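All chains should be modelled from the sequences, with the hints used to inform the complete structure.
So the sequence lines, in the order shown, correspond to chains Z and B. Add 1 to the 1-based position in the first sequence for this note's numbering, that's all there is to it. Add 20 to the 1-based position in the second sequence for this note's numbering, that's all there is to it.
These are computed hints drawn from the structure, not numbers from a lab. These figures come from a predicted structure and were not determined experimentally. Check each hint, because a few of them may be wrong.
Here are the computed distance ranges between Cβ atoms for each label pair [claimed, not checked]:
#1 B:Leu231 x Z:Gly189: 54 to 64 Å
#2 Z:Phe300 x B:Met462: 15 to 25 Å
#3 Z:Glu141 x B:Arg223: 32 to 42 Å
#4 B:Arg123 x Z:Gln47: 31 to 41 Å
#5 Z:Gln47 x B:Thr25: 32 to 42 Å
#6 B:Gly217 x Z:Gly411: 51 to 61 Å
#7 Z:Gly411 x B:Gly126: 34 to 44 Å
#8 B:Gly126 x Z:Ala417: 29 to 39 Å
Note that beta-carbon positions come from the ideal geometry of N, C-alpha and C, so glycine has one too.
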Amino acid sequence: MIAHLPVLQVLVPLLAAPLCATVRNRRVAWAVAVAASWTSLWIAIQLLTLVLADGPISYALGGWAAPWGIEYRIDTVSAFVLLTVSAIAALVTLYALKSIEREVEASRVSLFYAAFMLSVAGLLGITVTGDVFNLFVFLEISSLSAYALIAIGQNRKALTAAFQYLIMGSVGATFILIGIGMMYVMTGSLNMADLAELLPQVSASRTIPVAFAFLTVGISLKLALFPLHLWLPNAYTYAPSTVSVFMASTATKVAVYMLIRFFFTVFGPAFSFDVMQLDRVLLPLALLAIFSMSLVAIFQTNIKRMLAYSSMAQVGYMILGISMASVTGLTAGILHLFNHAMIKAALFMALGCVMYRVGSVHIDSMRGLGKRMPWTMAAFVIAGLSLIGVPLTVGFVSKWYLIQGALEKGWWPVAALILIVSLMAAVYIWRVVEAAYFQEFPGDDDDELKEAPLAMLLPTWALILVNLYFGIDASFTAGVAGAAARSLLGVGP
Amino acid sequence: MSPETTVVLAFAIPLAGAVLIAAAGRLPNLREAVTLVTSAALLFVVASLIPEVLAGARPSVDLVEWVPGIQLRFTVEPLGMIFAGVAALLWPVNSLYSIGYMRANGESHQTRFYVAFAVAIAGAIGVAFAGNLLTLFVFYEVLTLSTYPLVAHHGTDDAKRGGRTYLGILMTTSIGLLLFAIVWTWQAAGTTEFTEGGILSGRLEGAQVGLLLFLFMFGIGKAAIMPVHRWLPAAMVAPTPVSALLHAVAVVKAGVFSIVKVLVYVFGLELLQAEPSTRWLLYVASFTVIAASVVALRIAFEQGNLKRLLAYSTISQLSYIVLSASIFLPIAAAGAGLHIVAHAFGKITLFFAAGSIYTAAHKTEIGQLKGIGRRMPWTMGAFAIGALSMIGLPPAGGFISKWYILLGAFEADQYFAMGILVASTLLNAAYFVPIVYMAFFMEEEAPIGDHPDSHGHGEAPLAMVVALSATAGLTVLLFFFPGVPLALAHAFTGGGP
Numbered sequence: 002m003i004a005h006l007p008v009l010q011v012l013v014p015l016l017a018a019p020l021c022a023t024v025r026n027r028r029v030a031w032a033v034a035v036a037a038s039w040t041s042l043w044i045a046i047q048l049l050t051l052v053l054a055d056g057p058i059s060y061a062l063g064g065w066a067a068p069w070g071i072e073y074r075i076d077t078v079s080a081f082v083l084l085t086v087s088a089i090a091a092l093v094t095l096y097a098l099k100s101i102e103r104e105v106e107a108s109r110v111s112l113f114y115a116a117f118m119l120s121v122a123g124l125l126g127i128t129v130t131g132d133v134f135n136l137f138v139f140l141e142i143s144s145l146s147a148y149a150l151i152a153i154g155q156n157r158k159a160l161t162a163a164f165q166y167l168i169m170g171s172v173g174a175t176f177i178l179i180g181i182g183m184m185y186v187m188t189g190s191l192n193m194a195d196l197a198e199l200l201p202q203v204s205a206s207r208t209i210p211v212a213f214a215f216l217t218v219g220i221s222l223k224l225a226l227f228p229l230h231l232w233l234p235n236a237y238t239y240a241p242s243t244v245s246v247f248m249a250s251t252a253t254k255v256a257v258y259m260l261i262r263f264f265f266t267v268f269g270p271a272f273s274f275d276v277m278q279l280d281r282v283l284l285p286l287a288l289l290a291i292f293s294m295s296l297v298a299i300f301q302t303n304i305k306r307m308l309a310y311s312s313m314a315q316v317g318y319m320i321l322g323i324s325m326a327s328v329t330g331l332t333a334g335i336l337h338l339f340n341h342a343m344i345k346a347a348l349f350m351a352l353g354c355v356m357y358r359v360g361s362v363h364i365d366s367m368r369g370l371g372k373r374m375p376w377t378m379a380a381f382v383i384a385g386l387s388l389i390g391v392p393l394t395v396g397f398v399s400k401w402y403l404i405q406g407a408l409e410k411g412w413w414p415v416a417a418l419i420l421i422v423s424l425m426a427a428v429y430i431w432r433v434v435e436a437a438y439f440q441e442f443p444g445d446d447d448d449e450l451k452e453a454p455l456a457m458l459l460p461t462w463a464l465i466l467v468n469l470y471f472g473i474d475a476s477f478t479a480g481v482a483g484a485a486a487r488s489l490l491g492v493g494p
Numbered sequence: 021m022s023p024e025t026t027v028v029l030a031f032a033i034p035l036a037g038a039v040l041i042a043a044a045g046r047l048p049n050l051r052e053a054v055t056l057v058t059s060a061a062l063l064f065v066v067a068s069l070i071p072e073v074l075a076g077a078r079p080s081v082d083l084v085e086w087v088p089g090i091q092l093r094f095t096v097e098p099l100g101m102i103f104a105g106v107a108a109l110l111w112p113v114n115s116l117y118s119i120g121y122m123r124a125n126g127e128s129h130q131t132r133f134y135v136a137f138a139v140a141i142a143g144a145i146g147v148a149f150a151g152n153l154l155t156l157f158v159f160y161e162v163l164t165l166s167t168y169p170l171v172a173h174h175g176t177d178d179a180k181r182g183g184r185t186y187l188g189i190l191m192t193t194s195i196g197l198l199l200f201a202i203v204w205t206w207q208a209a210g211t212t213e214f215t216e217g218g219i220l221s222g223r224l225e226g227a228q229v230g231l232l233l234f235l236f237m238f239g240i241g242k243a244a245i246m247p248v249h250r251w252l253p254a255a256m257v258a259p260t261p262v263s264a265l266l267h268a269v270a271v272v273k274a275g276v277f278s279i280v281k282v283l284v285y286v287f288g289l290e291l292l293q294a295e296p297s298t299r300w301l302l303y304v305a306s307f308t309v310i311a312a313s314v315v316a317l318r319i320a321f322e323q324g325n326l327k328r329l330l331a332y333s334t335i336s337q338l339s340y341i342v343l344s345a346s347i348f349l350p351i352a353a354a355g356a357g358l359h360i361v362a363h364a365f366g367k368i369t370l371f372f373a374a375g376s377i378y379t380a381a382h383k384t385e386i387g388q389l390k391g392i393g394r395r396m397p398w399t400m401g402a403f404a405i406g407a408l409s410m411i412g413l414p415p416a417g418g419f420i421s422k423w424y425i426l427l428g429a430f431e432a433d434q435y436f437a438m439g440i441l442v443a444s445t446l447l448n449a450a451y452f453v454p455i456v457y458m459a460f461f462m463e464e465e466a467p468i469g470d471h472p473d474s475h476g477h478g479e480a481p482l483a484m485v486v487a488l489s490a491t492a493g494l495t496v497l498l499f500f501f502p503g504v505p506l507a508l509a510h511a512f513t514g515g516g517p
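If you want it as structure tokens, here you go:
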């Protein structure tokens, strides 16, 4: 069983999907989803432990050896991302029980869980695989199910948002496919490790840089890196709350992983940064993303949309870390992948609780909620503090490494920008705090509005506790991220 | 009990107290008892550490490894002992005062008040015992966040605005400047540990030292060096017990403590003396000393708000400490450390008196204080002692610390600094003496409007009077028996002249 864990990581949610679809009963579908996602989490923990102890794991699908067969390859960074995605999925399925009942029609709930399981399977598959075409297949699985998930709610605007995402996402996926195709044409291989060996021999040709360019654009689209981000705000805003939680904390993270995988493992840091000068492209875009998205977030009145813009700024942080191409920078990027997933998931979960009770996430609906929904708003405040980067939260740890990375490279203005943007985050989080705690609740005193159900509060607070625990003792997460960074850059153990 | 356990206990007691206070929220008398017992326990624990530290022990406890290579660590040294000692000594007194004040004024949200207070004290202890810059930063932020609900306590529009200014300035300076400085230090020195002689010698030179100093001095916004001082008067919207402890003791003292600690243990006095790019600090501090006193003088002249005058007096006095430290000599740094104690005792007395006047007579403006000394002799007597301490006259403790600061300035041939000190002494006298004179030697005015309490009132409630008499007593006691604080102050700079 242990030997087959890599493939089981994907198979368990993948098989759970049709099971959920065929089951009519909503509760049973939910139970199947919970079982599948928690099993995935267990598998991810096992894989991380194995990788940390013994080094990268290689698994040949069906017993057919690479490079002809599909290989699943798990190293430190993949295991870390697997853990992140499966942990979020596990908590989200618990959270979904109540949230989905409100936001999705009863007849579609089983379909929701089916699509959700497919999305989880797709994301985990991208992370686990060592074959580029297999990656594309899983990318499509996760994207298509994501489009469905966004549109499955009762909000009509969600249909347009999903369609917009579908078009842009398909363009992105096609670009990635073109890039893969070009690499295949030049090398005859689809296996990542194999490509890493073969590409240097053919990189003089014009095809490979073009493939590189197509991949960069395609992945940037999936990442919602400025200026290819236009699909994200609507998708996050109009999707059902649970879907926003899940997508905000996993989809873009896995896209960051794809970027890391392609540019550090397949092409190699030497080609990507010295020859193709990827940092010259990514750095300005990252800085623009960080600043402009935070600025726009300040002016939003729909809190989900505000957090969507905030997410794009945070993705900018990750790309900034990566573009430093140093151990510290890459550690910061990988660490923020995990940290931001925890932060955003908690924030969106708290908003989902508000949506459940109040029915709206407009800033005016947040008035007076500090007293009515104390636990929900407390969770929002703590997660907000984490977003700003206050010590004792995970957000601070990411900031620390990012600033350190910037100062190591002598990029003083970048370090200053990171701090300025933290203050901007303080402004937009503060607006919500002010509404919730310092303004009067507009309804009557005997209004029925009360705290969110326990089934939604518990996962939210579980994430808050994760935020705090790994903010106080970040030695594990920072250690793993550091180890991953060093192995990706080929620097020492 | 080993010193290490004591250190952890000192931090844990106020936190545990906060939890217990919250639990006892529905039973006010029990809740108040918990506060008093917790604060007494903290005092006992902190006091027990003093002999150890004086004997040369530097107990160190690693709390947790934050990221690989950096620990959250407590290390007790004499300066930290001074700060922790002051906080621990004044918390019980302030709790007693708060009980009297909150009940007499019928304040709401009292449980939230006492809980936030306890967490703030825990933050102050965390700052005092911090063993490296990172730990200091963590608890510095905890202190800001936990005092916010105290500042905005009343929930009125003014309170909200004041709270916003408070949080805004402190968070902006700490995230924007202080964090930058800390990461830069980590980068340059490879460590953030507080070490005797500093960690930067040989790592940074020339203008970089001056720039890093700039980031630290203005990043530590709690020291209220102009122009990042506006949060202090803004925070006067808080109830007076908050103003008393937090702005006379915990918050502002955390600020100047951090400054002195950074100067002595991160930069090192020798490095600072050697580099010309650090000279500006003396002049900036001097400017704040004088400018804040001038504003206070103007408030006195216009007979304006008493608490606002005290706020600007605090800004001025805090810069005494920065000024003294910026002479970069051990004896001056000792004077700075001593002034932390003297100012704490004096200022808390003054704020207690202000709150006492408000509670008994509902008066807030200086102009209303004519003849009040006859009705409230204990209160105004204590006020007079506090004023003496601010001016720096015997028999108040402020005299001792001023003496050392002057000695330090003299030794460094800093005639400019000495001039500043003399000028500010005169300014202090100019705004405090008239108030005392008015209170005792002028006739009470006929009341305007018919507030029931503004005529025919007596002293404040007993709890408040006991508290302010105690702190006034401490101020005088410091003059006659400065032994322990003086020994600690000398110890942390490795001896006198």
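Indices of hints not satisfied (ascending): 2, 3, 4, 6, 7, 8
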